[in-house]
Each structure stands twice: as structure tokens, then as C-alpha cells.
Amino acid sequence: MAGRVLDLALHLLDRQIIDTDGNPVGNVDDVEIDESGYVEALLVGPQAVAGRLGGRLGEWLAFWTRVLQGGTEPTRIPVDLLTDLGSHITVARSRTELGAHRNEDRAREYLIGRIPGGRREGE
Amino acid sequence: MRRGVALLLALLTASCVSPSRTDRDYELKAGNSAKAVASSVATALLGVEAARRHRAPGPYLSVLIASAEEDASSVQSQFDSVQPPSAHADAQRAELDDLLSQAVDGLALLRITVRRGELDQLDTKARPLRAVLVRLRTLSEEWQ
Amino acid sequence: MKRLLQVFLGVLTAIGGFVDIGDLVANALVGARFGMSLAWVVLVGVVGICLFAEMSGRVAAVTGRGTFDLVRERLGVRAGLLNLVASMLVTFLTLAAELGGVALAIELATSVNYLLFVPLVAFLVWFVIWRMPFEHMERAFGLLGLALVVFAVAFWKLGPDWGSMLHQASHPAVPDGEGHPTYWYYAIALFGAAMTPYEVFFFSSGAVEEGWTKKDLMIERINVYLGFPLGGLLSIAIAGCTWLVFMPAGVEVDHLDQVALPVALAAGKVGLAFVIVGFVAATFGAALETGLSTGYSIAQYLGWSWGKSVAPVRAARFHAVVLVAIVLGAMLILTTVDPIMVTEYSIVFSAVALPLTYFPILVVANDPGYMGEAVNSRLTNALGTAYLGLLTVVSLAAIPLMVATKAGQ
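Chains as they are written, first to last, in numbering that gives the first Met the number 0: chain A, 0 to 122; chain B, 0 to 143; chain C, 0 to 408.
Simulated from the structure, these hints should not be mistaken for lab results.
We put the CB at the ideal spot given by N, CA and C, even for glycine.
Any given hint could be a false lead.
To be verified - Each computed SDA-like pair below joins lysine to any residue, with the alpha-carbon atoms no more than 25 Å apart:
#	chain 1	residue 1	chain 2	residue 2
1	C	214	C	408
2	C	268	B	51
3	C	214	A	110
4	B	34	B	82
5	C	405	B	143
6	B	34	C	173
7	C	214	A	21
8	B	34	C	408
9	B	124	C	251
10	B	34	B	136
Stated by the list, open to error - Part of the chain A face toward chain C, derived, beta carbon under 8 Å:
#	residue
11	10
12	22
13	25
14	33
What the hints assert, rightly or not - To give a feel for the contact side, a few chain B residues facing chain C, derived at Cβ under 7 Å:
#	residue
15	21
16	42
17	49
18	55
19	58
20	59
21	61
22	62
23	107
24	129
25	133
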């Protein structure tokens with residue numbers, strides 16, 4: 000995996016990330032690059048999307064993310080955790096370990112988990 | 000942003016009632032009002048026809064006629080609120096307003112009859128409305 | 000034999016599910032004012048939706064992923080966001096209109112003011128999404144929606160002059176007393192009602208939910224190519240009924256109660272009962288679809304887990320969005336704004352959003368990277384591109400015409 004040359008926009012950005020259990024982690028919303036152009040990490044989360052949108056739109060999204068979600072840092076996935084780079088990107092950890100599930104938990108805790116029938120297996 | 004809001008407001012108000020500038024404008028407005036109320040009266044009369052042939056139940060008819068009455072009433076208020084620009088327009092106003100009142104009253108009577116469950120009486124009670132409808136149609140054609 | 004039954008049920012479900020409050024209102028209105036002179040618009044719309052529904056279903060079956068997910072990946076964050084926002088706004092407005100439609104339909108049966116039903120309807124819509132299995136949900140409401148076939152029966156019973164009807168339909172002309180701008184405004188409205196964006200998202204997300212693969216594509220195509228055109232014919236029958244009864248009487252359609260009247264006159268109380276059941280089924284079904292679609296669109300764009308096929312707590316954000324959308328939609332209707340007016344705006348804005356929502360589908364369906372051998376054929380591409388041109392024209396003309404005709408007056 001190390002040393003591959005990629006067209007960022009084509010192969011990496013906005014791709015779906017799947018964790019080691021097969022669950023969706025999110026999309027590659029942004030990437031962290033070091034001075035020599037190596038990708039160091041993938042960034043996931045609305046804060047990262049805000050950064051890419053840029054301009055007024057990005058600021059607006061960043062603001063609302065802070066309000067509704069708290070925290071200003073997106074989820075960071077170091078590049079050495081990547082195991083596959085095909086039509087979607089697989090990582091070697093579960094999403095709980097990656098910490099990418101915070102929002103899901105918040106929605107679950109305050110709303111969906113409290114409605115009867117929420118835990119039953121889906122159809 | 001502000002210009003956008005101003006434009007939106009201008010568009011919205013343009014679609015509301017605006018003051019008549021000429022006799023022709025007023026006549027057109029009167030014609031449209033007559034046409035709209037004719038539509039409501041015709042709807043109610045079709046409902047009465049359905050009742051006569053035992054093809055519609057009470058609850059449905061009561062909704063149908065009540066909507067027609069509400070529409071007619073609101074057209075009348077809108078029309079009444081427009082300033083007639085001349086004496087000629089005054090005469091048109093008087094004639095139409097009288098007719099609109101007859102329409103609204105007639106529809107109200109039908110509504111009351113339906114709500115009382117007296118479906119068999121609808122046909123009789125609708126008779127005056129038929130003449131009103133004819134008159135409304137004539138006016139709406141004259142004034143288009 | 001079992002396959003045959005499946006296909007048969009699938010087609011029936013597609014027919015019954017085709018009509019929603021937008022189609023009911025638009026066709027009824029147009030029939031009363033323009034007779035059959037706008038029937039061609041329904042046909043053009045049906046071809047369009049068949050084309051794009053097949054495409055999006057194929058994309059979902061081959062890639063196993065939903066539209067918005069792929070749109071963002073293929074077209075980028077900004078384009079994907081534009082697509083998302085346009086789609087969500089229009090779908091939300093449509094959701095509100097459908098909720099209003101269900102309440103109005105219940106009012107027709109009970110004569111109790113529709114506003115009182117809105118909270119109950121909203122709760123039921125949410126509850127069905129929460130509890131009812133996806134396939135059963137689709138099937139049940141699609142089949143119940145077939146009750147609207149009574150419009151075709153009523154049309155036949157009203158004894159149209161078939162010759163003159165075919166002539167009017169095949170020689171479209173602006174009727175006396177109507178202006179050209181109004182004619183084209185209603186053409187656009189009718190088109191927006193036939194080609195609603197949410198149909199396509201729902202169709203493709205539903206394909207993923209039900210786990211379609213390439214093997215299911217044949218059935219999917221039959222459902223689409225048979226079901227949707229028959230649904231379109233049903234829409235035309237609605238216009239036909241109001242044409243025969245209301246045009247000679249000078250009645251303009253403003254209320255849902257008027258839409259049912261021709262059926263009552265032609266087919267009596269039994270016919271009316273069918274119509275009301277049909278209204279409720281069609282609008283309730285569409286409320287389910289639009290509610291789910293608001294969730295699908297935002298969840299797929301942001302990469303959340305989504306769908307009814309996982310336990311709700313594992314797709315908590317998706318369900319939260321659906322819940323909030325239904326509540327907000329109900330609140331909009333509870334402001335006592337006229338639901339028919341909300342419907343009219345929703346179909347016109349649908350027309351405006353059409354190119355934004357359909358263009359990405361064409362792009363993805365054409366990409367061999369995603370589709371492999373299942374990319375669009377040349378014919379599909381030619382048609383798809385032609386339609387995109389048409390959709391752009393329609394989209395640009397919609398708002399100016401709305402202003403010029405004061406929303407069709």
C-alpha cells in the first residue's frame with residue numbers, strides 16, 4: 000500500500016469507508032497530506048466536509064456541526080490502517096474503535112433508542 | 000440578499016388583490032369573480048344531482064358543498080374589497096355583489112340541509128341557485 | 000408459476016403506486032380546464048420516468064449502493080450537495096402535500112375537518128415506516144392504490160365520444176379561452192407530477208433494501224415498463240373524468256372533494272368508496288416513500304448507515320431524519336395552508352429540480368467503472384440525453400411561467 004501514486008479525487012476522496020465488520024464508517028471527506036505529498040490520514044466527518052466545501056457554505060456547515068455535534072475535529076484514520084483500496088476503502092478496525100460513530104450514538108441515545116421496537120432486528 | 004427578498008415580496012404582492020386602475024381592469028376582475036363563484040355553484044349543483052340519483056352519501060356531500068360555500072364566500076370578500084374606479088363600475092359592483100350574496104346564501108342553505116341529513120330536500124332547495132348560476136355565467140362572459 | 004405471480008403482483012404494485020397527490024390534483028385540474036389537449040405531456044412524462052427508473056434500479060442492482068452515495072462519489076462534494084439540497088427540499092414539500100392529501104381523503108369519508116387527522120396520519124406514516132417490513136409495505140399500499148382504477152371505469156361509464164377524445168389528444172391545441180402561457184404552465188406542472196424526483200431515489204434505495212442483483216433486473220424492467228405506463232393511463236383517465244363532467248359545467252378543480260365527484264356521478268356510492276380508499280392508499284403510500292426518501296438522500300450523501308433492513312438503533316441518524324421530516328411536514332400542513340396549494344407548488348418545484356436530480360443518474364449509469372457491462376446502451380443514452388435537454392428547458396421555464404400566469408390563474 001505504501002508508495003502508490005493515486006489520483007486523489009478519483010480513487011480516494013468521497014469513497015465509502017467500510018470497517019472490519021463490514022459496517023459503513025462514512026465517506027472520505029478529506030485527507031491529511033504531509034509536506035512531501037504522502038497521504039498521512041483520512042478525515043471523516045462534517046467538519047472535514049466543511050473544510051472541502053470552503054467559503055461561506057463551509058463556514059455555515061462548520062458552525063452547525065459545532066452546535067449540533069460539539070467538537071471541531073473530524074475522525075482521523077491513519078493511513079496504515081487501510082487494508083483495501085478498491086471501489087470502497089476497507090480499514091482494519093471496527094468503527095467503534097475509530098470513534099466514527101459519535102453522532103450515531105447521540106441520535107440513538109436521545110431519540111431512537113427510546114422508542115419501543117428500536118432494537119429489534121430490521122426488515 | 001435584500002434585493003432578492005424585495006423581489007420575492009413584489010412577486011407575492013402582485014399575485015394578491017391590487018387596486019383597479021381602469022374600468023376595464025375592474026370589469027375583468029368582476030368577470031373572474033363571477034366565473035369563480037359560478038364554478039362553486041356548479042359544483043354544488045352537480046353534488047345535488049348526485050344526491051338526487053342516490054349516488055353520494057351525506058358526509059361526502061357535506062364536505063363538497065361546504066368547500067364550495069367557503070370558496071364562494073372568500074371570492075365575495077375579495078371582490079368587495081376592491082375599490083370601484085367609477086360610477087359605471089359602481090353599478091357592476093352592485094349587480095354582482097347582490098348575485099354573489101344570493102349564491103353564498105343558497106350554498107349555505109344547501110350545506111345546512113345536507114348536514115341535517117335531509118338529502119331528499121336538496122333538489123328543491125337548489126332551485127333558486129340554478130337561476131343564479133345562469134346569471135353568473137352570463138355576466139362572466141360579458142365581462143371577460 | 001410463482002415467478003409469474005410475482006411479476007403480476009409487481010406490475011400491479013407499480014400501477015397502484017404510480018399515482019400520488021400531485022398526479023391526482025394535476026390531472027383533475029388539467030382535465031377540467033384543458034380536456035385531453037395535455038394528455039401528451041403525461042405520455043412524455045411516463046417515458047421519462049420509465050427510462051430513469053430503469054436506470055437507477057439497474058445502478059442499484061449492479062453496484063449495491065444508493066443514488067446519493069454514488070452521486071457524491073462520482074461528481075464530488077459540491078455537485079453532490081446541490082443535488083442533495085434540491086432533492087431534499089422538493090421531497091420534503093411533497094411529503095407535506097401527501098400528508099395533507101391523506102387527511103383530506105379521510106375527511107371525504109367522515110366529513111370531519113382534515114386538520115384533526117393530520118397528527119394521526121403523521122404518526123401512522125412514521126409507525127408504518129418504523130415497523131412494517133419494506134416489501135410488505137410496498138405491496139400493500141401499491142395494491143390498495145389499485146382502487147383508483149375506478150376512474151377508468153367511471154370514464155368508460157360516462158360515455159366519452161372516443162373519436163373526439165382521440166382527436167383532441169393527438170392534436171394538442173390550446174383551448175378557447177385559455178392563454179398559451181397558462182397551457183405551458185400546466186404542461187410543466189403535469190410533467191413535474193409525472194416525473195417526481197423521489198420516485199427514482201426511492202426506487203433505487205428500495206432496490207438496495209430488497210437486495211436486488213443482476214438476476215432481478217428482468218423483473219424490475221417488466222414492473223417498470225408495464226406498470227408505469229398503465230399508471231400513466233390511469234392518470235389520463237382521471238383527467239378524462241373531470242373533462243367529461245366539469246368542463247361542460249364550467250367547474251374549476253380546487254379541492255380534492257371535486258376530484259371524486261365524477262366517479263360518484265358515474266359509479267355511485269360504491270365507486271365513491273373505491274375512490275376514497277384509493278386516495279388514502281395512494282397518498283399514504285407516497286407519504287411513506289417521500290418520508291423514507293428524505294432519510295435515504297441525506298444518509299447516503301453523508302455515508303451514514305441507512306435503511307429499514309437494519310435494526311433502527313443501528314441506523315439511528317437515518318431514522319431520526321425521517322422522524323423529523325414527518326413531524327415538520329405535519330407542522331407545515333397544520334399551519335392551515337391549503338394542501339392543494341402545497342401540492343401545486345411541490346410539483347412545479349419538482350419540475351425545477353428535475354435536471355439536477357436526473358443528470359447524476361445518467362452519469363453514473365454510463366460509467367463502466369461502476370456498471371461494468373451493464374452500462375447504458377446507445378439507445379438509452381440517446382434518450383437519456385434528449386430527456387435531460389427537455390428537463391433543462393422545463394426547469395428554466397417553470398418559475399417564469401409561474402410568475403407570468405400567477406400560478407396558473
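Checked hints:
Pair hint residue 214(C) plus residue 408(C) does not hold up; C-alpha atoms about 49 Å apart against a cutoff of 25 Å. Restraint check for residue 268(C) and residue 51(B): satisfied, since their Cα atoms lie roughly 12 Å apart, inside the 25 Å limit. Between residue 214(C) and residue 110(A) the CA atoms are separated by roughly 39 Å; this puts the pair beyond 25 Å, and the hint is violated. With a C-alpha separation of about 19 Å, the suggested pairing of residue 34(B) with residue 82(B) holds against the 25 Å cut-off.
Restraint check for residue 405(C) and residue 143(B): the C-alpha separation of about 18 Å stays at or below 25 Å, so the hint holds. Of the pairs offered as hints, the one joining residue 34(B) and residue 173(C) holds, with about 19 Å between alpha carbons and a cut-off of 25 Å not exceeded. For a cut-off of 25 Å, the pair hint linking residue 214(C) to residue 21(A) stands: about 24 Å separates their Cα positions. Our distance criterion of 25 Å between C-alpha atoms is met by residue 34(B) and residue 408(C), whose separation comes to about 12 Å.
Pair hint residue 124(B) plus residue 251(C) holds up; C-alpha atoms about 23 Å apart against a cutoff of 25 Å. With a C-alpha separation of about 7 Å, the suggested pairing of residue 34(B) with residue 136(B) holds against the 25 Å cut-off. Taken as an interface hint, residue 10(A) does not check out: its beta carbon lies about 11 Å from the nearest beta carbon of chain C, beyond 8 Å. Residue-level restraint check for residue 22(A) holds (minimum Cβ-Cβ distance to chain C is 7 Å; threshold 8 Å).
Taken as an interface hint, residue 25(A) checks out: its beta carbon lies about 4 Å from the nearest beta carbon of chain C, inside 8 Å. For residue 33(A), the shortest C-beta to C-beta distance to chain C is roughly 23 Å, which exceeds 8 Å, and the interface hint is violated. At its closest, the beta carbon of residue 21(B) sits 19 Å from a beta carbon of chain C; the interface hint therefore is violated under the 7 Å criterion. Proximity of residue 42(B) to chain C holds as hinted, the smallest CB-CB distance being about 5 Å (cut-off 7 Å).
At a threshold of 7 Å, the smallest CB-CB gap from residue 49(B) to chain C is about 5 Å, leaving the interface hint in force. Interface hint at residue 55(B): satisfied, since its Cβ lies 5 Å from the closest Cβ of chain C, which is below the 7 Å cut-off. Interface hint at residue 58(B): satisfied, since its Cβ lies 4 Å from the closest Cβ of chain C, which is below the 7 Å cut-off. The interface hint given for residue 59(B) is met, as the beta carbon of that residue sits about 6 Å from the closest beta carbon of chain C, less than 7 Å.
Look at residue 61(B): its Cβ gets to within about 5 Å of chain C, closer than 7 Å, so that hint holds up. For the restraint placing residue 62(B) at the interface with chain C, the shortest Cβ-Cβ distance is roughly 5 Å, inside the 7 Å limit, so the hint holds. Hint status for residue 107(B) relative to chain C: violated, with the closest Cβ pair at about 16 Å, above 7 Å. At about 12 Å, the closest approach between the beta carbon of residue 129(B) and any beta carbon in chain C exceeds 7 Å, and the interface hint on this residue is violated.
The closest approach between the C-beta of residue 133(B) and any C-beta of chain C is roughly 11 Å, which is over the 7 Å cut-off, so the hint fails.
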